[in-house]
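For the first sequence, this note's numbering assigns the number 1 to the initial residue and increments by one for each residue that follows.
To be clear, the hints were calculated from the coordinates, so they are not data collected in a lab.
This one's a predicted model, so the numbers in the text were calculated from it and none came from an experiment.
It cannot be assumed that every hint is accurate.
Keeping only pairs whose Cα atoms sit at most 25 angstroms apart, straight-line, the calculated BS3-like set for lysine-lysine is [said to hold, decoys possible]:
1) Lys682 / Lys810
2) Lys308 / Lys410
3) Lys810 / Lys783
4) Lys746 / Lys22
5) Lys122 / Lys752
6) Lys793 / Lys833
7) Lys783 / Lys827
8) Lys165 / Lys410
9) Lys126 / Lys147
10) Lys682 / Lys793
11) Lys399 / Lys526
12) Lys752 / Lys22
13) Lys3 / Lys693
14) Lys12 / Lys126
15) Lys386 / Lys363
16) Lys122 / Lys554
17) Lys682 / Lys783
18) Lys147 / Lys116
19) Lys260 / Lys275
20) Lys3 / Lys28
21) Lys693 / Lys554
22) Lys833 / Lys781
23) Lys399 / Lys410
24) Lys526 / Lys600
25) Lys12 / Lys116
26) Lys386 / Lys526
27) Lys257 / Lys275
28) Lys757 / Lys746
29) Lys589 / Lys126
30) Lys363 / Lys308
31) Lys594 / Lys386
32) Lys783 / Lys793
33) Lys746 / Lys600
Pairwise CB distance ranges (calculated) [stated by the list, open to error]:
34) Phe609 / Met804: 27 to 35 angstroms
35) Leu488 / Asp319: 55 to 63 angstroms
36) Gly362 / Lys3: 50 to 58 angstroms
37) Gln443 / Glu137: 38 to 46 angstroms
38) Ile403 / Gly95: 38 to 46 angstroms
39) Cys460 / Ala324: 47 to 55 angstroms
40) His302 / Glu185: 23 to 31 angstroms
Where is the CB? At the ideal position from N, CA and C, for every residue including glycine.
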Amino acid sequence: MEKRYNFTQIEKRMQEFWEREKIYAFDKNAPGEIYSIDTPPPTVSGSLHIGHLFSYVQAEIIARFRRMQGYNVFYPFGFDDNGLPTERLVEREEGIRANALPRGEFIEKCRNTAEKYVNEFKDFWKTLGFSADWSLEYQTINPDVRKISQQLFLELVKSGKAYMKESPVLWCAECRTSIAQAELETADIESAYVYVPFVLAGNEAENAAHMKDHMSEDAKPNPATLIVATTRPELLYGCVCLFVNPSDGRYKDFIGKSVKVPLYDYEIPILADDKASIDKGTGVVMCATFGDSTDAEWYAEHELPYRKIILPDGTIAADVPYIAGLHVREARAATVRLLDERGLLLKSDNIVHTVGVHERCGKEVEIIPSRQWYIDVLTKRDEFLKAADGINWYPSQMKNRYIAWVENLKWDWCISRQRYFGVPFPVWYCEECGAPIFARPEQLPVNPLEIELCGTCDSCGSTSFVPESAVFDTWATSSVTPQINERLGLELTPMSMRTQAHEIIRTWAFYTIVRSLYHTGNIPWKDIMICGWVLAKKGEKIGKSKNNSESEPKALIETHSADVLRYWTAGARLGMDTFFSPDELSIPKRFITKLWNASKFAIAHLQDFDIADSDCADCIIADSDIADYDCADSPFTDKPELLPIDRWIIERVKVTADRAAKLLYEYEIGSARHEIDGLFWKDFCDNYIEIVKERLYEPEIHGVTERKSAQYALYYALLNILKLYSIYVPHISEYIYQEFFRRHEKTASIHKTLWVKPLPVERLAGEPSSANDRIILFGEKVKDVMAEVRRYKSERNLSMRAEMDELVIKTEPEFAEWFRLTEKDLKACTNAKEIIFTT
RNA sequence: GGGCGGUUAACUCAGUUGAUAGAGUGCCAUCUUGACGUGGUGGAGGUCGGGGGUUUGAGUCCCUCACCGCCCACCA
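Modelling step: build the complete structure from the supplied sequences, incorporating the hints.
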């Protein structure tokens, strides 16, 4: 083995080896229970950041772990390339607007861009050594996936879960499309409460200038006027009524009367509703179509008229006096100026308040009525909540986020987008009566814009149809990833595990649960593993911050290696956000060096070790009865009689494998790694290797059989430590395996070997007096002796090799014999001339 | 406003079911030609955010407050 580990060359070589030998190829007929992983298809949004690395690596470690537990791991990758993120990326990169180009041309650009980034992602995953079978890959723009998406949509239409309606919908004027509640983000913006007077009809004599006097007294109602505080004065012309709370004594007498809208002078009624809060503003609220979601609710409940103010492009409708054609923001300012000029601006308070913005562009969201497709999510809330109990959430508190989201749902899931690059709706409409006509199953996938529909309308007999031009919300397709994976002819649902980050619980996790319940009546997966974020500094998600080029993951891999980054990733607790700084990588780097050097040492001493080509270590693993170390009866004729300290390290490896496995079954990647680290650094390197060093070098002093015992334990311990680490650092562990162990082991790759099997349950719960426990305890005693000697020498500034005349060790009688058998080793590593054992 | 996390050594974090507080980094000292100076060994360093309570005993359980972060609600 080389003096230094050259990760640049070796990582690449190992990746090529895995690909060439198809080490991770999935075979559905292979033995072992299938463990299927629903991994996020990343959206093509241009940024490949360390957050991706972080969350995907955590799941990848689990995939490797399950494989080494004997599961048949199904681990397909996908890419979510359609949808708004790709469109916005193209718009940004090319400096164009989608609607300024012919539809086909824009879609073509999106397709090219998606392709480019998909390849970039794929290369990235490969560089990180992901154990995925790329033949299972899917892309959401591909015909087979589009077909599944359309099929399942039609299924929902049939069952009445998907429906079309004309109604107020969340609308992004920047992206010019409807959006869903889940795509809302909040942002604090500066605004102003504008106080305006609504004069009771028939009391117009009361003039507004007079009103100002009343403002001083805390907006006390005037018998003839109601004062409204609004942040949306530009919607005055859309005002359809005022609301007061029915139990608000101040306004009781006003209910049922009419007022005149300031500036525009038309009459509207004063209505009562519980949703009007007494203590907000003046207690009188104007309802416009539409200022917020409450307006939309009132509009439906009170059957209010619709007054169009805002157009889909975010400008004011042409028939609105004074502000027609202006953008909402300009219109607001213009209206305030106008109110002021007319003496209708009673007061204006600057405030900062939270508004809903579109997550993709950050622009304020409006509510505009239009015809859209929805999936019903409001009526089955209880089932969605119940489903959460059937799923194991890791970490468990993440379930709360899901529950909070489901309980707070206000809108059905709008799945139509007035965009271009996505899965088309397989729908046409009758030009005469507007009835929808759906594509036939054999037509799918279909783009209605490209196919002229022939036939007659069932409802009215018309023969002319118009195609639906909207496309699906990207989540409408990615919410059926379990079904997409089943296209390969496997029965998967519920899948074993979903992995994702916490910010998409309300979208991806929620929507997948909805779709799964609707399509299969079952939960989509048994476990859900939720990762945290990587933060650049306090509270700043790295993907969203700037000047993070040093954290550019590709560059990091090139300078530090994939294994180093993977090892770092595994240090985080599941679900917890983590800070990243390149300084954090010095520890993983040190670890790689240590693993390399320890292996180099062990292997150098194993060159002459005579092992039959019999998968020696695997056999031993299966033979957990080795616990009693009755070597004479062992089926392995080659196996020497083991000295107690050699038994100790073997036992420690087994115990560690067992503990780490238990943690990994709970998705505790970090704790499992700490467990393994403890074994490797403390027991294996600091103690075991030091203890047996001389025995390995000097068989003349210690004996040939004794040396063989050390070799045996060394072989067993190192091989199995490498296996434990191989889920975290697959490259270096594979390389060392190939360089040495492969000669003796049957398995082609370390990644196809199995971990030491967990000890039988009885033994785990068992008496501390079992041989296994006693040997572990003995090891602790020996370590105590070592520590004491080291402290003695260190305190006297002596070399660790300094000679000691006499070492007195007090032992319990039960360990006396074992200590006696370890005497030569102890003499060697303490350099004591004489050791005296007392009890 | 509702909810969830976090607050432990200078730094980054572990601390399972209550019983002398742990690791790594950093710091100090020291060792060193047989895996590793990208090292070994040892040491110093902590009122476990504050305040109450339960208990023989609380970092751990309960209440409360503070600060940090996130999720949700809040657009009158």
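For the pair supplied as a hint, lysine 126 and lysine 147, is the alpha-carbon distance within the 25 angstroms limit? violated, 29 angstroms
Does lysine 757 pair with lysine 746 here, judged by a C-alpha cut-off of 25 angstroms? holds, 18 angstroms
Lysine 783 and lysine 827: Cα distance at most 25 angstroms? holds, 14 angstroms
Does lysine 693 sit within 25 angstroms of lysine 3, going by the straight-line distance between their CA atoms? holds, 19 angstroms
Check the hint pairing lysine 122 with lysine 752 against an upper bound of 25 angstroms on the C-alpha distance. Answer holds: lysine 122 to lysine 752 is near 23 angstroms, not above 25 angstroms.
Could you grab the alpha-carbon distance between lysine 682 and lysine 783 and see if it respects the 25 angstroms cut-off? holds, 9 angstroms
Distance restraint evaluation - cysteine 460, alanine 324, Cβ atoms, bounds 47 to 55 angstroms: violated, 37 angstroms
Measure nothing beyond the straight line between the CA atoms of lysine 3 and lysine 28; if it is 25 angstroms or shorter, mark the hint as holding. Outside the cut-off at roughly 42 angstroms; violated.
Do phenylalanine 609 and methionine 804 keep their Cβ atoms within the hinted range of 27 to 35 angstroms? The hinted range 27 to 35 angstroms holds for phenylalanine 609 and methionine 804, with Cβ atoms some 32 angstroms apart.
Take the C-alpha atoms of lysine 386 and lysine 526, compute the straight-line distance between them, and say whether it is at most 25 angstroms. At roughly 14 angstroms apart (the allowed maximum being 25 angstroms), lysine 526 and lysine 386 satisfy the hint.
Glutamate 137 and glutamine 443 - C-beta distance against the hinted 38 to 46 angstroms: violated, 26 angstroms
Decide if the proposed pair is consistent with the structure: lysine 783 and lysine 793, CA atoms, cutoff 25 angstroms inclusive. Satisfied, since the Cα-Cα distance of roughly 15 angstroms is no more than 25 angstroms.
In summary, the structure is inconsistent with hints 9, 15, 20, 21, 24, 31, 37 and 39 from the numbered list given earlier, while agreeing with the others.
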